[in-house]
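There are 2 protein chains.
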Amino acid sequence: MAETFVIAQGGGPTAVINQTVVGAVLEARKLYPKARVLGALHGIRGVRDGNLVPLSELSETELRAIAGTPSAALGSTRDKPDEAYCATVLKTLQHIGADAFIYIGGNDTAGTQGILSKASARQIACIHAPKTIDNDLVLNDHTPGFISAAEFVAGAFLSVDLDFHALPGIYVGIVMGRHAGFLTAASAAWSMDEESGPHLIYVPERAFDRQHFIDDVKSAMSRHGRCVVAMSEGVSGADGRSLVETLVPAEKLERDQHGNVKLSGTDLGAAVERMLAEDLPGKRARVDTFGYLPRGNIATLNEVDAREAFAAGAAAVRFAEQGSTSVALQFDGSKTIFRNVPLDQVAGKTQHMPDSILDPDQNRLSAEGVKYFERLVPRRYQVAKPFV
Amino acid sequence: MAETFVIAQGGGPTAVINQTVVGAVLEARKLYPKARVLGALHGIRGVRDGNLVPLSELSETELRAIAGTPSAALGSTRDKPDEAYCATVLKTLQHIGADAFIYIGGNDTAGTQGILSKASARQIACIHAPKTIDNDLVLNDHTPGFISAAEFVAGAFLSVDLDFHALPGIYVGIVMGRHAGFLTAASAAWSMDEESGPHLIYVPERAFDRQHFIDDVKSAMSRHGRCVVAMSEGVSGADGRSLVETLVPAEKLERDQHGNVKLSGTDLGAAVERMLAEDLPGKRARVDTFGYLPRGNIATLNEVDAREAFAAGAAAVRFAEQGSTSVALQFDGSKTIFRNVPLDQVAGKTQHMPDSILDPDQNRLSAEGVKYFERLVPRRYQVAKPFV
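Which chain is which? The protein sequence lines are A and B, in order. Take the first sequence: its letter number 249 is residue 249 in full-length UniProt numbering, and every next letter is one higher. Take the second sequence: its letter number 343 is residue 343 in full-length UniProt numbering, and every next letter is one higher.
Isolated chain A (complex conformation):
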């Protein structure tokens, strides 16, 4: 049936998002020998503006090279289309004669596909293929892109903890994540034992309290002689205000067009550095903002993540025959399986990290958390305990 596919990439890139594009192109080629697959440049904006490249004309060698390259080769966008925007998009899709539109992204992308699917009166299969380093899509066990980013974070904290063994002090690494703490919790995936860092993990799902934080740092310092902290950029107080809003004067905060405080900047790191200098004067303290480094880093591109992202693209093509849907990665108890789930069940919803991933009264992984990360991000390196 489906002969013409359009595919696009939205939101923040990942290390493996191109695998999903290429998985879709090669599956389409396999199932439909005459299939035409067009890639839209810069996400849905490329569909609206008719900026399309004929991916199905590329050889498998060319496609495999793209698949192995991190970040969105077709370009991405932060556009959140309204209904008028969607109408223009639909016009292009109809003009091309598209049977299916596959849009790779997070929960906003699922929302866009829901609007498009209704507007097309279900004439065009609108498929959401999952992607996010935040790991925050509902109905998904985990999401393509997360494992690679988690490997970066796990390796960085393993390494920094060794550094702070050698030269003791307080270290805070700030990790992307506005609403979900999975990526920050991955900091402990390769922690060696109770003594190893990160000693404290702060995620958006648990209220942050300055005095508790300082007490916890002091306690770790007295037990271990050092304190390594993983903190989500989106940590918030009990009043729901993000920590960066609490610490930085309002006139200095940068906001996006939706009025959201920009979290990916250096503000939070600088503010945490000042907070430590004020509350723990004289202690050696260092704060790094990981920023963009974990997101599409080629050095930590994970092979399982790559295969799953490819399979998610292939599944999107197979599911297209049954109409609009969202591809979900689920865990059947032994392996990852790919299911089609209704778009409106995924759209706009955030899968928060379950509270049980952390210990109830401590900012550390629980036994359940350890098990979750052992399965998803198995230890890649064995290291020796330092003498100090």
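These are calculated hints, taken from the structure and not from any lab test. Any given hint might turn out to be false.
Identical copies carry no separate label here, and so any pair may be met within one copy or between two of them.
Computed cross-link-like contacts, BS3-like style, restricted to lysine-lysine with a CA-CA straight-line distance of at most 30 Å [as the list claims (entries may be wrong)]:
| # | residue 1 | residue 2 |
| --- | --- | --- |
| 1 | 262 | 252 |
| 2 | 283 | 252 |
| 3 | 371 | 385 |
| 4 | 30 | 385 |
| 5 | 262 | 335 |
| 6 | 252 | 30 |
For this one, chain A is given, so just place chain B on it according to the hints.
Below, chain B alone, put in the same frame as chain A:
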């Protein structure tokens, strides 16, 4: 001859500094069957205080596990011993009956060894084994630890440039390096072509000018639609003041016990972010401070670097028979060789990056720079050019 060695690690750790310790232990075991090798905890402070561990009692398996672990397993120190401190150190060494003291570190460490060697009336061979991610030791082609850190930086900029292809804007990555720009210049080691980032490289060796910087960013933006910048934390203006001192009010600057401005903090990143917001309002701009992430990162531990660090430790043991010296890594036109050079030629001196590594009138690698990095940090990944 030499039967008792003491070994210590100083300054900032690297991914391969433990290789040098283990290289020394295994070489001593090979050359002197009864050799005793004692590791001092936290650098020369461990010698002063008599905190020593018997490394020669460990099995080769145990030692190899330590060698493969990043950061200083024996702990490190920032102590810069004066003559009184050195006298106490010497007393411990004599008390132990040490024939040789191997101290792994940068140019300060070579200085310490010079003082000790004189004070011992050359009774104890004081050997400096090289180590620094800054790559700034004179008489060395490159230094153990640099290649691994350079791999981190090269991979990060390759990846971030792809990210900013997908979502255009200005990106500044701030890289460790107070006086030498080698690690920052390594950002371009895996740059694909003229169009690829980093588009601008700022190192401590060249005077930084705010207006030139802004003009260069504008020019890159108009040519490429994005601008990726690599900046050393130690960049300074023509007046010799570091950029962070120029941008941050004096009362907010953190200084160390020697009065040096702390560069490894978030101050510079925050100040560069403000500078871009002021001079290029409305442009999407992101600044990441790489901080500790490149230094001992297990994900980018380079095998050549590991082998050379091991060989430097072995060379330190071999050279001990001839008395105090500094081990230097030199390039004979086809391979790295290990030479013994006088301590006082290395002590306290900084090997600045030659100006010819960058193009004369541009902030990009020159042909010579490309060649240097191709040899030291050969391209590890092939990636496809994005469609955007």
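Which of the numbered hints are not met once you compare them with the structure shown?
5 and 6
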